[in-house]
Amino acid sequence: MKKLINDVESVVPDALRGLAAAHPGLRVDVDNQIVFRASGPRPGKVGLVSGGGSGHEPLHAGFVGYGMLDAACAGEIFTSPVPDQMIEATTAVDGGAGVLHIVKNYTGDVLNFRMAAELSGEEGVRVESVLVDDDVAVRDSLYTAGRRGTGATLFVEKIAGALAETGAPLPEVARVAREVNARSRSFGVALSPCTTPAAGRPTFDLSDTEIELGIGIHGEPGRTRSAMRPARELVHLAMDAIHEDLPISGDTLVMVNGMGGTPLIELYIAYAAVVEHLAEKGARAARNLVGNYVTSLDMQGFSITVCRLNEELTRLWDAPVETSALRWGR
Amino acid sequence: MKKLINDVESVVPDALRGLAAAHPGLRVDVDNQIVFRASGPRPGKVGLVSGGGSGHEPLHAGFVGYGMLDAACAGEIFTSPVPDQMIEATTAVDGGAGVLHIVKNYTGDVLNFRMAAELSGEEGVRVESVLVDDDVAVRDSLYTAGRRGTGATLFVEKIAGALAETGAPLPEVARVAREVNARSRSFGVALSPCTTPAAGRPTFDLSDTEIELGIGIHGEPGRTRSAMRPARELVHLAMDAIHEDLPISGDTLVMVNGMGGTPLIELYIAYAAVVEHLAEKGARAARNLVGNYVTSLDMQGFSITVCRLNEELTRLWDAPVETSALRWGR
Amino acid sequence: MSTAMDTAFFAAWIEEIARVVAAEKEWLTGLDAAIGDADHGANLDRGFTAVTGALAAKGPDTPGSLLVLVGNTLIRKVGGASGPLYGTAFREAGRTLGDTPEVSVAQLHTALEAGLAGVRKLGSAAEGDKTMVDALAPAVRALEQALRDGKDPAEAIGAASEAARTGAEATIPMQARKGRASYLGPRSVGHQDPGAASTALVVSALHTVATSW
Amino acid sequence: MSTAMDTAFFAAWIEEIARVVAAEKEWLTGLDAAIGDADHGANLDRGFTAVTGALAAKGPDTPGSLLVLVGNTLIRKVGGASGPLYGTAFREAGRTLGDTPEVSVAQLHTALEAGLAGVRKLGSAAEGDKTMVDALAPAVRALEQALRDGKDPAEAIGAASEAARTGAEATIPMQARKGRASYLGPRSVGHQDPGAASTALVVSALHTVATSW
Ligand SMILES: Nc1ncnc2c1ncn2[C@@H]1O[C@H](COP(=O)(O)OP(=O)(O)O)[C@@H](O)[C@H]1O
Ligand SMILES: Nc1ncnc2c1ncn2[C@@H]1O[C@H](COP(=O)(O)OP(=O)(O)O)[C@@H](O)[C@H]1O
Ligand SMILES: [Mg+2]
Ligand SMILES: [Mg+2]
Ligand SMILES: [Mg+2]
Ligand SMILES: [Mg+2]
Chain D
827 MKKLINDVES
837 VVPDALRGLA
847 AAHPGLRVDV
857 DNQIVFRASG
867 PRPGKVGLVS
877 GGGSGHEPLH
887 AGFVGYGMLD
897 AACAGEIFTS
907 PVPDQMIEAT
917 TAVDGGAGVL
927 HIVKNYTGDV
937 LNFRMAAELS
947 GEEGVRVESV
957 LVDDDVAVRD
967 SLYTAGRRGT
977 GATLFVEKIA
987 GALAETGAPL
997 PEVARVAREV
1007 NARSRSFGVA
1017 LSPCTTPAAG
1027 RPTFDLSDTE
1037 IELGIGIHGE
1047 PGRTRSAMRP
1057 ARELVHLAMD
1067 AIHEDLPISG
1077 DTLVMVNGMG
1087 GTPLIELYIA
1097 YAAVVEHLAE
1107 KGARAARNLV
1117 GNYVTSLDMQ
1127 GFSITVCRLN
1137 EELTRLWDAP
1147 VETSALRWGR
Chain C
827 MKKLINDVES
837 VVPDALRGLA
847 AAHPGLRVDV
857 DNQIVFRASG
867 PRPGKVGLVS
877 GGGSGHEPLH
887 AGFVGYGMLD
897 AACAGEIFTS
907 PVPDQMIEAT
917 TAVDGGAGVL
927 HIVKNYTGDV
937 LNFRMAAELS
947 GEEGVRVESV
957 LVDDDVAVRD
967 SLYTAGRRGT
977 GATLFVEKIA
987 GALAETGAPL
997 PEVARVAREV
1007 NARSRSFGVA
1017 LSPCTTPAAG
1027 RPTFDLSDTE
1037 IELGIGIHGE
1047 PGRTRSAMRP
1057 ARELVHLAMD
1067 AIHEDLPISG
1077 DTLVMVNGMG
1087 GTPLIELYIA
1097 YAAVVEHLAE
1107 KGARAARNLV
1117 GNYVTSLDMQ
1127 GFSITVCRLN
1137 EELTRLWDAP
1147 VETSALRWGR
Chain G
2 MSTAMDTAFF
12 AAWIEEIARV
22 VAAEKEWLTG
32 LDAAIGDADH
42 GANLDRGFTA
52 VTGALAAKGP
62 DTPGSLLVLV
72 GNTLIRKVGG
82 ASGPLYGTAF
92 REAGRTLGDT
102 PEVSVAQLHT
112 ALEAGLAGVR
122 KLGSAAEGDK
132 TMVDALAPAV
142 RALEQALRDG
152 KDPAEAIGAA
162 SEAARTGAEA
172 TIPMQARKGR
182 ASYLGPRSVG
192 HQDPGAASTA
202 LVVSALHTVA
212 TSW
Chain H
2 MSTAMDTAFF
12 AAWIEEIARV
22 VAAEKEWLTG
32 LDAAIGDADH
42 GANLDRGFTA
52 VTGALAAKGP
62 DTPGSLLVLV
72 GNTLIRKVGG
82 ASGPLYGTAF
92 REAGRTLGDT
102 PEVSVAQLHT
112 ALEAGLAGVR
122 KLGSAAEGDK
132 TMVDALAPAV
142 RALEQALRDG
152 KDPAEAIGAA
162 SEAARTGAEA
172 TIPMQARKGR
182 ASYLGPRSVG
192 HQDPGAASTA
202 LVVSALHTVA
212 TSW
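Residue numbers (the numbering used here), protein chains in the order written: chain D, 827 to 1156; chain C, 827 to 1156; chain G, 2 to 214; chain H, 2 to 214.
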């Protein structure tokens, strides 16, 4: 394993130190692995807290700032943070209007955030939680862990964050967050595995002609292995999986997301195919993001997330945002 | 080779189609492989044209827009564009105040831009050219091709672009562009080679314990091969090479640039080490960029670019910019 | 087992767990790489290292308070799915012991049963879902049976350890319905569940200590 | 060589270059991967494919105008360092031929000499810098010598082709002072220069056509 790190044990704190040095708009509690807005809580504004395992950068810390998150808790690589961090973050960002927890649907994240929500409640903070579970590769069912939260997390954080800036009350912010999740679906494809510092070797083996379909963002293998195909076919396959679950029509917000090791030029090739596909369906990408936003360390591959927009969501998406990884309008 | 592409022959046009679809603020001439601002030339404003081989995304097309470039010519992967493209771009963006060519110092880029400048001149467009040659890994000398242009290209495009927006005349814009280049130095390290679509296999072999020091941005091996080391040591090595050539002091603009396959979390670890190193030298990073900006396809590694700021350059760096890859202030 | 299961005994158990987990760290992470996210070994090792520190610092004086401290520390330090789950198991087990200075095998059984119930409640996993429950549940049953059969403490705990190991291995042919492995669907078949495997290590650590006590 | 070097002859030469470049594309790109950026074969193949199209479309009627068209097309289509350099070589060579319908070996030599001068001027590379100049210069010298020795056309061109090949191989021990390979400093030693290698192919293509003419 060759990684640009100092020590397997200090990956997360070292990166947080760099983040703190790079972005004066952030306050970073390196010991507790929490990233805050430097400006602190705004009285009357609902606080947004998210977090999860590290290794998905820029998610979540890259989305802390005006118009998005108030705090992000960083766990170890691919390991959800612990309740202590979440409680600390929750109480710190509460401006009196309560706090929204944005939780990706993984057993670890769910259990830790649940404990944190209970204990924060006992400390007098009003907390609502929103689960993100947009990954159609996982067939949902009462008897399983359910779907994974992937690309839609960014959409939820951006749109709920924009509404929170307007001073909307907690139930409203939670409502729009749930609506974004309900209208969003994702599907991911891996061309290569990733290597976690702890394991030191690739999370799975893949020949030079094979790919993994329906992967998550933790280096796990996908639902099926398949032969490598042209970008256009991979995109159509992903779009069909999404469409089958939530028919794509009208105006959409589309993200072509790189898994971390795939160059931007390839992501644009995929996006061109996405647009072709939408046209065939009589839909269009009214808004888009193309880049590395919800990654899986150095994995090569991509995921597509589609959100069916309405007037409210479009307006909130367009609202100004100022974070280290997403910025416009100011 | 597994790449998210449709066909080795159509990589660049396919990506340009995606770019055009993703960014309404751009006008893309796919046949001639030129990316323009959709708004067209502004009368009285100096036009900025750059370009080079593809495979370095977001450079250059990602920097076309308000406050930066007016047009970017895309060559084949790692192959400079041809004079026809440059002439087409130059005449199209001329708003009567002349056009600045920002050229990375590679024989191919230099020769093709030189021919284009001559012919555009014959067509009545005033053209000045600025060479970017910031890479300290290459020892300069009269008898060689000279230094490579790498990370400083972004600084030159941003700062000259900001001055051009103020309506400054061509000689002024060229002057500040040359000053940025004169005050900037870079050094790159590869943890892995890259794979060009045409070649289909890695540009060089590197064992799991070796790295290449002093690489450029075309997948070429570096000046020397060395044993892998902790991020902190690699950063100090790069900073020392830079410092040896242009003593680092005072306020600096620092970019920790990913080569394309290195995850953001590792780049922040490197940036933390950069800040440590600057402190030791009594200097500081007054401004910074951490991310994938001047890449080499899927290569894993990083480069550091340091620019010694002055009041003028700092002000122009802070000026609003609105491109697909760099955006603030609007 | 010459002497009784007092606070020192439980401290020794936790130390043994920490030792075994550190030794088997790579193996557990490897199991997790196959059907999860390659961190289970690292997670537990981080957790039990913190636990050893906490015990040294606080030095709890009853078996119950010791296990509650273990549970809380795991919840605070591990994260992931296993943190809250193992943490809850130890905390619930500790709670049932109240402040008895010495624990009988019958009380041990009640405690482990409470731990299992806590895990079941929090994770809502049933046996057969390919989780730690598939190792813990049979262990608790085996301990109860051994008690009914009047086996001596060390023997009884040995039976529980044996049952946990068998239960963990029995997860190999299962298709996961809970945790990350469930994302793999049918592809989760053919791999041992990391959490079940670590649970077997935890129970066998108990047996190791019991035999030398 | 029974008939003279007319427009058809030069058209045949260019066709042969296109064929050989296509065949050796991988090899040339491989040489460029070692000390450059792995695109020389792809660049020339793209260029001469375009050239073949341009010749078919325009059908120039003199050797001079044909070579000028080849040069301009290479400049328009190849990019990189080799585009302007090869383009200039063919263009300058064509210019010297004016509108003569048939070219003597002496005229051919003057043309190639002009091409070499064009490359030298544009790239400011001297022999020994490890570039295409190290193949082209000896070829031109050999052709001149063969003329003085009164060799017949095919033989003379054969000597030039041989000299180009030897010159290209002689770049292996050189340390590059021009082009990308110069960035490698001492590490550029031990590899054949891609442009010198392709130049040798270009001259040997001339010989192939000459012998069957
Ligand atoms: N819902 C659940 N109920 C019981 N045990 C579970 C559940 N989900 C996961 N587990 C256990 O947790 C183990 C994984 O732990 P670990 O890898 O540390 O956490 P994570 O899955 O968050 O990376 C699984 O092997 C399984 O035994
Ligand atoms: N200054 C120069 N003078 C003469 N030939 C040169 C010069 N620079 C490069 N070359 C030739 O060009 C070749 C490389 O061509 P190519 O790979 O197509 O372009 P690029 O180097 O831009 O990728 C080199 O092998 C060398 O022979
Ligand atoms: Mg985990
Ligand atoms: Mg090239
Ligand atoms: Mg795990
Ligand atoms: Mg080349």
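Heads up, a few of these hints could be off.
[Said to hold, decoys possible] Footprint (simulated), chain C over chain D, 3 or more residues, beta carbon under 8 Å:
#: 1; stretch: 1092-1102
#: 2; stretch: 1111-1121
[Unchecked claim] Derived pair list, reagent style DSBU-like, types lysine-lysine, alpha-carbon separation capped at 30 Å:
#: 3; chain 1: H; residue 1: K78; chain 2: H; residue 2: K26
#: 4; chain 1: D; residue 1: K1107; chain 2: C; residue 2: K828
#: 5; chain 1: C; residue 1: K828; chain 2: H; residue 2: K122
#: 6; chain 1: H; residue 1: K122; chain 2: H; residue 2: K78
#: 7; chain 1: D; residue 1: K828; chain 2: G; residue 2: K26
#: 8; chain 1: D; residue 1: K828; chain 2: C; residue 2: K871
#: 9; chain 1: D; residue 1: K828; chain 2: C; residue 2: K1107
#: 10; chain 1: D; residue 1: K828; chain 2: G; residue 2: K78
#: 11; chain 1: G; residue 1: K59; chain 2: G; residue 2: K26
#: 12; chain 1: H; residue 1: K26; chain 2: C; residue 2: K828
#: 13; chain 1: H; residue 1: K59; chain 2: H; residue 2: K26
If you're looking for bench data, these hints aren't it; they were derived computationally from the structure. Built from N, CA and C at the ideal position, the CB exists for glycine as well.
Legend entry - Distance restraint between D:K828 and C:K1107, which requires alpha-carbon spacing of 30 Å or less: holds (28 Å)
Legend entry - Pair hint outcome, D:K828 versus G:K26 [Cα-Cα no greater than 30 Å]: holds (21 Å)
Inset, instruction - Assess, step by step, whether the Cα of H:K78 is no farther than 30 Å from the Cα of H:K26, and give holds or violated. - result: Roughly 16 Å between the alpha carbons, so the hint for H:K78 and H:K26 holds.
Inset, instruction - Quick one: see if chain C covers the stretch 1092-1102 of chain D, three-plus residues with Cβ-Cβ under 8 Å. - result: Three-residue rule met by the stretch 1092-1102 of chain D, so holds; n is 9.
Inset, instruction - Would you mind confirming whether the straight-line C-alpha gap from H:K59 to H:K26 stays at or under 30 Å? - result: Holds, at about 26 Å.
Inset, instruction - Take the C-alpha atoms of H:K26 and C:K828, compute the straight-line distance between them, and say whether it is at most 30 Å. - result: Holds - the C-alpha atoms of C:K828 and H:K26 are around 21 Å apart, at most 30 Å.
Inset, instruction - Starting from D:K1107, check that the Cα of C:K828 is at most 30 Å away, please. - result: holds (28 Å)
Inset, instruction - For the pair supplied as a hint, C:K828 and H:K122, confirm whether the alpha-carbon distance does not exceed 30 Å. - result: violated (42 Å)
Legend entry - Satisfaction of hint between G:K26 and G:K59, Cα-Cα up to 30 Å: Distance of about 26 Å is within 30 Å: holds.
Legend entry - chain C over the stretch 1111-1121 of chain D, status - at least 3 residues with CB closer than 8 Å: holds (count 5)
Inset, instruction - Starting from D:K828, check that the Cα of C:K871 is at most 30 Å away, please. - result: violated (47 Å)
Inset, instruction - Measure nothing beyond the straight line between the CA atoms of H:K122 and H:K78; if it is 30 Å or shorter, mark the hint as holding. - result: This hinted pair holds, its Cα atoms lying about 21 Å apart.
Comparing the model with each earlier hint shows violations of hints 5, 8; every other hint is respected.
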